[in-house]
Amino acid sequence: MKIKFELNGKAVEAEVPARTHLADCLRHHLMQTGTHVGCEHGVCGACTVIVDGEAVRSCLMLAAQAEGAKVTTVEGLSREDDLTPLQKSFRKHHALQCGFCTPGMLTTAHALLSEEPDASKERIREVLSGNICRCTGYMNIIEAVYEARSAYRGGAKK
Amino acid sequence: MSYVGQSIERIEDLRLLRGRGRYVDDLHRDAMLHAAILRSPLAHGLLKKIRVEKAKAMPGVRAVYTAEDVAPGNSKVPAIPVRLMPVDQLLPFEQPVIARTKVRYVGEPMAIVVADTQAQAEDALDAIELDIEPLPAVSDRQSSEKNASLLIEEAGTNIPITYTATKGDALSVRAPYVRRERLITNRHSAVCLEPRGLLATWDGAKTKLTVEGAAKVPFQSRRVISKNMDLPEDCIDMIEGDTGGGFGVRGEFHPEDFLIPWTARKLGRSVKWVEDRRENLLAANHSRDIEAELEIACEKDGTVLALRGKLWVDMGAYARANGTMVPRNCAQMLSGPYRVPNLHIQSTMFLSNKTPVGTYRGPGRFEADFFRERMFDLAARDLGIDPVEFRRKNLARKDEFPFPLATLDLPEKKEELDSGDYQIALERCLKEFGWEEKKKLQGKLVEGRYHGIALSCFIEGGAAGPRESARMLLDPDGGVSVFVGGTSIGQGLETVMLQIAADALGLPMEKLRIFHGSTTYLKEGFGSFHSRSTVMSGTAVLLAAKELKEEIAKRTGRKVDALRDVDLKSLAPISIESTFHNHRHTYASGACAAHVAVDPRTGDVRLVDYVTVEDVGKIVNPLLANGQIVGAVVQGLGGALLEHFQYDENGQFLTGSLADYLLPTSTDFPSVRAFVLEDAPSPINPLGTKGAGEGGIVSVAGVVANAVAAALAPLGAVPRALPLSPPRVWQMIQDARTAA
Amino acid sequence: MKFAPFEYAAPATLAEAVALLASSGGAKVLAGGQSLLPTMAFRLATPSLLVDIRRLNDLRRISIGADGVRLGARTRWRDIEDDARLRTAHPLLVAAISHVAHYQIRNRGTVGGSLAHADPAAEMPGIAVACDAQIRVLGPKGERVIEAGRFFTGALTTSLADDELIVEVHLPAWPAARRWGFEELARRRGDFALAGVATYYDVDAGGKAVNAHVGVIGACLRPHRIPQAEKALNGRVVDDAAIQAAARAAEAALEPPSDLHASAAYRRALAGTLLERALQQAAQRGKA
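Chains as they are written, first to last, in my numbering: chain R, 843 to 1000; chain D, -4 to 735; chain V, 55 to 342.
If you are wondering where the hints come from, they were derived from the structure by calculation, not from laboratory data.
Take these hints with a grain of salt, some might be off.
To be verified - No farther apart than 25 Å at their CA atoms in a straight line, the calculated lysine-lysine pairs in the BS3-like style are these:
1) K506/D - K930/R
2) K506/D - K554/D
3) K934/R - K613/D
4) K934/R - K506/D
As the list claims (entries may be wrong) - What follows is a set of in silico ranges between Cβ atoms, one per label pair, in the way DEER data are often shown:
5) D313/V - G711/D: 26 to 32 Å
6) E957/R - K435/D: 40 to 46 Å
7) E135/V - K439/D: 33 to 39 Å
8) S476/D - G895/R: 43 to 49 Å
9) R198/V - E957/R: 35 to 41 Å
10) A319/V - A143/D: 29 to 35 Å
11) G711/D - G193/V: 54 to 60 Å
12) D121/D - D924/R: 46 to 52 Å
13) D924/R - K439/D: 51 to 57 Å
14) R24/D - Q335/V: 58 to 64 Å
15) D313/V - K141/D: 24 to 30 Å
16) P129/D - R115/V: 52 to 58 Å
Ideal Cβ placement from N, Cα and C applies to all residues, glycine included.
Here chain R stands alone, though its shape is the one from the complex:
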């Protein structure tokens, strides 16, 4: 079936079997491989993307369900010339090792801070509990997201 939606600000369309989940559609049909698939049953959070402003697990959403939606992935949160403040904070705090969970961490953190730029460390911990990281032990991820909050205040996004 044919699906049309907006991906990282651009209109896209894909011809996919009905059973295709959004993560596979992004990765293998639209070749945006920044979104990762870690468990494919909705536990690990690596595949988190932002749909109409909200963080969702793209393995638990059919591509068909994205029809007409605005989808943002880690590619859409990135710039060519430099890292964004959130990415810089991750780098500064060594909030990633193997990097596999990182796109999901970034999309989740971005969705959170866009809505709640004053999120407490406890709130950040709670929200990120839906994203598994096997490398870092989370301490540095929490610090990184917490420090990135200032970039989301006063309307500054990304």
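Based on these hints, arrange chains D and V on the given structure of chain R.
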């Protein structure tokens, strides 16, 4: 300018943070096909018949292969060789890459389907018809030892080997205090966030097999593929891309590491296989499944005289590539950093109808530290000695290095601790933890929870040999390309290698490029395991840099200190390859402390605080060293409190999803603090570094279990098995009530 | 873990949706998909047709009136969290739902989906049963209302017919003075509970409990009330003795399952402990 010792931000992050990493499933090739593997649904049975006709006729299916295709007629199905410490008696227990006449664990490969899409390949799996005659499953030590149901009939036994670790004469030690205990560690494993995957491409015209997705030990894996596929090593390129975690499991040879390249060659195409999470839990190496019966002998003042006893290691259905390290390490490392003068440990591998076992971060050591630290705490309690004092008294002393450990047999392996000042880490740990203050809470019930604290000391072996190479290529643009045999599994290898190279060459890091792992870069490489890369690849880089500078000095006719002062463009190209040979091991060391609060009504263990202090010899990058240690601690906390591969009595696997196999999340262990020291540089390498990847995990179960024991001492509950889940802790408390 | 093949439809009206469900033997409703899709990933469910109700916006509504709270089937956990009115209109619901899953799931998981999935450890079915909710469903023969207590027939099974879909759940009005408590224990935040307890009661002029309700999740094959524990509370002042009596009565009445996560004995004891704590919370609310 100095990079080594600085918290340099990682160069890897620039791509990984922007979604530009290239993990194996990110790769697409023209006309690429997708493989799925049919796995045994039964733990033990005779494979009478596999009918693949219906599957072959399914939409998109290009081929279905079984053992008959892999090894036609009576030819032998290739087996996965034991890579580390191979001895002849293990040969019958090696795993064939695909089951032919018998299945021996749930998850064992039986057929490969190749189709146009992954989904079509999986559809066809459901269409393969199986006729398996069930056999009694061996699901525990007792049933294995009886040898009534044999996994490998030809071998005539379910017990492949018993290792003995010996120091002094432990069996004849008589002591005023002796205690015997039975302790158990829980089957669990790495569960890397990126599932394993391979993309194999066969180019018949060039006689070239390219295997992408290689990890950990690409050169060794190439050797196995070469032998089993009867293809010269020159015809095989193993390519390492970005890798989503290793921890000992990824990259170790598994059946798929043969089956996927073989399939690609058979079809003359690119074939991709990426395991799904269920397969990952089911089929990637398990670990940590050990039962111990140990005796500790002490003087009344707490001086340890001997450790002796037996270990039974459940290896699963086969002896896989590095499975030997689990029983061997657990026996040899049982004494840890302590002066245990007499040790006699028999460590027996036994087979069961479960997933085969390999190494997982801190293999055998996580288990050993749980056993030892529990024994020490029980002894200290019985003898009325402060548990910290007990450890202080028994730690190896600064002037005793190199300090010999027990010697192993089959094959013989002597081992010694290279250097250390163990008291420093212990005292620092007490200070950072706030031991004296927290001690007031010991065993106290505060707002419905019993509080307990404990301390443990550990060592971390690193720097496995026999050698490692690095190549430096002076490029026409005046930059230098650095090629190393170490592999990146997410630990920051690229940044660390370039820090070392930049200092050694006297060039800014921006002038350097790093290449690692793939077999195309060097003649030989040994990869990343045993916390070896910073020491082994790092030293090879150091040597190569020295030689490059010497070569440049020769060509320019003047002394060269830092290359930044030299016109490098005019000298390019120059290529230098150097090798660091090493047959000794480094031993990082440290101490850790845990504070728990246990709800006696629900059995829920809350980790209030955890501090670990580790001396890694010389710190190359404090930020990254800290990251390794904290990450390792949290993995260990998973193993101690959450993670458990469970089987039922029929050998059926029960924990095939991440809703059943519980990994730590961000809310579970909010306070873990690491402090990295460099008080005892290693004398066996010029950098002075030691491994830092595993120390954090080694003592976690020991110290957490002891903290739980301390908390629940008023109730008389005694932890003897892991994980310390709420139901288990609750049961422990009920048992203590019943006993009292 | 790819889904088995299926047909997909996203009808524009409720009537179309019902017609589609009736049209195919293996049709299933797709709401948020947060329970259904994982089940399909393991091929434990292989529907032939998914009827996606994402276009049925009437089903995504929270209405609060004198007769209680009505949650449309497509109401998401996040909608409950965001609706400040519910904190007074149904504080027990809000407290229980705060334990459901994680951030991303909460953005898609729905009330109707959870009820239809009927996991015995899930919070929403537990609240529906504990609060005597009514579940309005629609099928080819029209609408019917099922009492929550009769809706759940076992683990992952309900009295919903294959060609019916849930329209709305109605929670009866919640008096402001009502005393209540919710407690659960999960291995990790957001996991399904090993056991959980929801309880409430009203207080009569004499300070005694009336209309006591005790519901259990996790330590059961389907969410249910525990009349024995309720009986131990009704007509008594909820003091320590009454709380103990109710908790012990609950333990005696439960028949929890044993599985890889916990034994029946543990779940029974845990449910008793949690009920004590939930009742202490409730009694504490009375003092505040």
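TODO: Give me the numbers of the hints this structure contradicts, sorted from smallest to largest.
DONE: none
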